[in-house]
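Colleague: Chains as they are written, first to last, in this note's numbering: chain A, 21 to 296; chain B, -7 to 429; chain C, 6 to 295.
In short, the hints are calculated from the structure, not lab data. By construction, the Cβ of each residue, glycine as well, lies at the ideal position given by its N, Cα and C atoms. The reader is advised that the hints may include incorrect statements.
[To be verified] To give an idea of the interface, some chain B residues facing chain A are shown, with a C-beta separation under 7 Å as derived from the structure:
(1) V51
(2) L53
(3) E54
(4) Q207
(5) D209
(6) F261
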Amino acid sequence: MARKASNTRKAVVTIAAWSIGFLIFFPILWIIILGFKSEGDAIKTPLQVLFSSWTLDSYYDVQARSNYARHFWNSVILSVGSTVLALAIAIPAAWSMAFVPGKRTKDLLMWMLSTKMMPAVGVLVPMYLLFRDFGLLDSRIGLVGVLTLINLPIVVWMLYTYFKEIPGEILEAARMDGASLKSEILYVLTPMAVPGIASTMLLNIILAWNEAFWTLQLTTSQAAPLTQFIASYSSPEGLFYAKLSAASTMAIAPILILGWFSQKQLVRGLTFGAVK
Amino acid sequence: MTLTLRALLGATVSLTLAGATMAETTITVATVNNGDMIRMQGLMDDFYAKNPDIKVEWVTLEENVLRQRVTTDIATKGGQFDVLTIGTYEVPIWGKQGWLVSLNDLPAEYDVDDLLPAIRGGLTVDGELFAAPFYGESSMVMYRKDLMEAAGLTMPDAPTWDEIKTAAAAMTDKSAEQYGICLRGKAGWGENMAFLTAMSNSYGARWFDENWKPQFDSEAWKATLTDYLALMNDYGPPGAANNGFNENLSLFQQGKCGMWIDATVAASFVTNPTDSSVADKVGFALAPDTGKGKRGNWLWAWSLGIPAGTQKVDAAKAFVAWATSKEYLEVVAAKEGWANVPPGTRASLYANPEYQKVPFAQMTLDSINSANPNEPTVDPVPYVGVQFVAIPEFQGLGTAVGQQFSAALAGTMTAEAALAAAQTLVTTEMTRSGYIK
Amino acid sequence: MATAHSRTAARLMLSPAVILLLLWMIVPLGMTLYFSFLRYNLLMPGMETFVGFENYYYFVNQPAFWSALSNTLILVLGVLCITVVGGILLALLLDQPFWGQGIVRVLVIAPFFVMPTVSALVWKNMFMNPVNGMFAHMAKSLGLQPFDFLSHAPLASIILIVAWQWLPFATLILLTALQSLDREQQEAAEMDGAGWLPRFVYLTVPHLTRSITVVILIQTIFLLSVFAEILVTTNGGPGTASTNLTYLVYAQSLLNYDVGGGSAGGIIAVILANIVAIFLMRMIGKNLEA
């Protein structure tokens, strides 16, 4: 009896959850659908779009026109590179904030976050001049640096909240056993913080992947990631929905697949210290 | 690969080897993602066959991003590009700054005198040609012949604004989503202000008098804006305040507009049967006037310029000369048909009997020829440019004024208030920049 | 407890992050500050002159400034409201057992993966367009007049688009927090006859406070600088109805190429952002105490 009731309830929840999920996902689904339509069909009414013929033309066009592979690899290198670098800098920093807090630790954290509030458009010209002088325009190294710095505050902060949850006694015990600082971090702390580090990493990769201001401004061709690939398909003269949709699908797909496989990790780790 | 081709290639290779300095040069070309430029990227084999030692790296971006990107780069001497795709607005300003390489020394077979005078004039500063036109455009009326016929009207080749209004009224049937006229409304100096500035020229209005005093308080501007708003509110589509070229294009292609006054390059899109549901029903006419001697059409040319300071001037010049040559037009025609060649740059193209068969060819030429960037208005002005004012401040001014007019179209502001706001903000900026003493 | 030795080590480990961020802040910001006192138009190089606070004067005294300021706040608050409330409701729903949890979760997270430009283009053209958009078709099939979102409710439309992008983030974090909720406590309360609402108010909400704080903090940082969505959909218009501070800075520095004015605007934006940050800390900072 009770089981039946709970099954009914489960069915209701399932329907509700699926419909809301579908609603939220719908715009993306629509992009994917339009990518398989001809330009002329893509501007028709929704029903006409659905029942018009399917085609791979847009994908062929995009493939013929752009060097997708190069943009893709640049995106991978930039997002992964900047994430790894940010983690390398942030893990020691977060460790020391979490386990050897000073009086000013919280202010320091807040200040770090506030550096993220600088409007990028306002500092474009100074940055461009700096990049020119250091020969970093259109180089991956320069961009990895910028993306690292942009996301470093968030990374430090996320890691800090994870580390804080790790009971100090464990570290004490490790110290008693004569573990050095290095092995303490490497063999005791890091394994315990793996879910946290993993989701920080994922979040950071997503943010870096979608960063569309600096990646567009500071690259030309050799270092240009997928954001530039997209910028060559949006709003030309003439119809562009289908090609833009195809290109968008190609740009979103890798990160969507990554998200799909790692969503459990992402969910488990995004606690920001809220879980006791 | 045929034997002759192999032999030819072999010869080229040995030639390349013979010249010790003939190392391969890679040039970076920044361009807009418009159809004609995309088509060129697919036809590069011809260029590589003629210039085996040059390699071209494309950077294709949407117009606004591209403009901002190349401007930042050239102004800070970032040196990221060897060839830039720029418009008639940038060329006079950048040329004067000494930022562009003069193209006066292009080879004789380039036949620079074949370029249409109106287009060439817009790209020349003090006798120096600073960019070569890739395609040129003006604006004209595109209308639905079938709807005009059903309404018992005929469109003259050179209509007046009153005739446009009558036609718009006759073709509008809002319940059937049939809108008499579609015009740009989206704010931006290259969007609604391109149209409105050109329209205001035909009403006898101007941006500035000879002393750089803004003229938005004039009767002529008031008449322009009131008529524009009346047309759009009575016969235009909903949401027009956010419509630019593309939005109107898709409306027209779906058969929802009776008339559309916009760039001449749109003609090839609306007559293309794969994308347009009204391909065989479109007629063309010159942009309207009010009998004051100027028509409401603009002039623009996407052109290729070479930034001063590039190390690869020769390779860049070779590319520019190829891309804007007569031979390139033939390459396109052979592959994609005459209707798809980049229009509006060369007189010889319009003299070509094959090209004359293209339905919009003559009207495009007439439109381009009727625009004069050096004398754009009825009353004298201190500036160059039909639908823009070729001063560095104009992009910002045009967009700010465009926002006011777009607000008037959205109905959040009256025409008077929009004009008054425009007058104030332009006066402030011009005073600050030292034009108004 | 911490020894002097570990304190030194801690300083040492903290320093790379601090030094880098300090450089990252000081160098461009210092240059921006310097430019903000110059009359510097990008298109007229070599004509820079020192003008004192003139750029600040003009930036603040333009009519668009105050509306940009209020638009920025409305945008941030609007998106926060939608994402926090919507996120809580959605998290509560997704926390229930149902078939296909994993798939639904991915569907809900997906908007977070879409580049802002793309999502703005899609919403503008395929949904909000009053002639061809999905909403217009729906209105017409119901016999209603299609609503012209981007002309008549530009800011609200942008809030909707941005909220769609950030709802997944809020939902994810809140869901994570919900899943750590003490089930036994819940069940005990249920046994004692506590209704759904009291259980929600006295058990769930307090448990979520910290996560809500985190959502607000992180989103505020990103929402203060919303830009691509506005550029693509309304260009800040009609008039200045959807211009926020970032967009105003953009218009000044990259449309007018007035680097001086844009820099002044950038400095003002940084100052305002820091005021917001301090304000936020005062309001909710205590929730972050571990």
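Colleague: Would you mind marking each hint as holding or not holding in the structure?
Modeller: Each hint, compared with the structure:
no.	hint	result
1	V51	holds (5 Å)
2	L53	holds (5 Å)
3	E54	holds (5 Å)
4	Q207	violated (31 Å)
5	D209	violated (33 Å)
6	F261	holds (5 Å)
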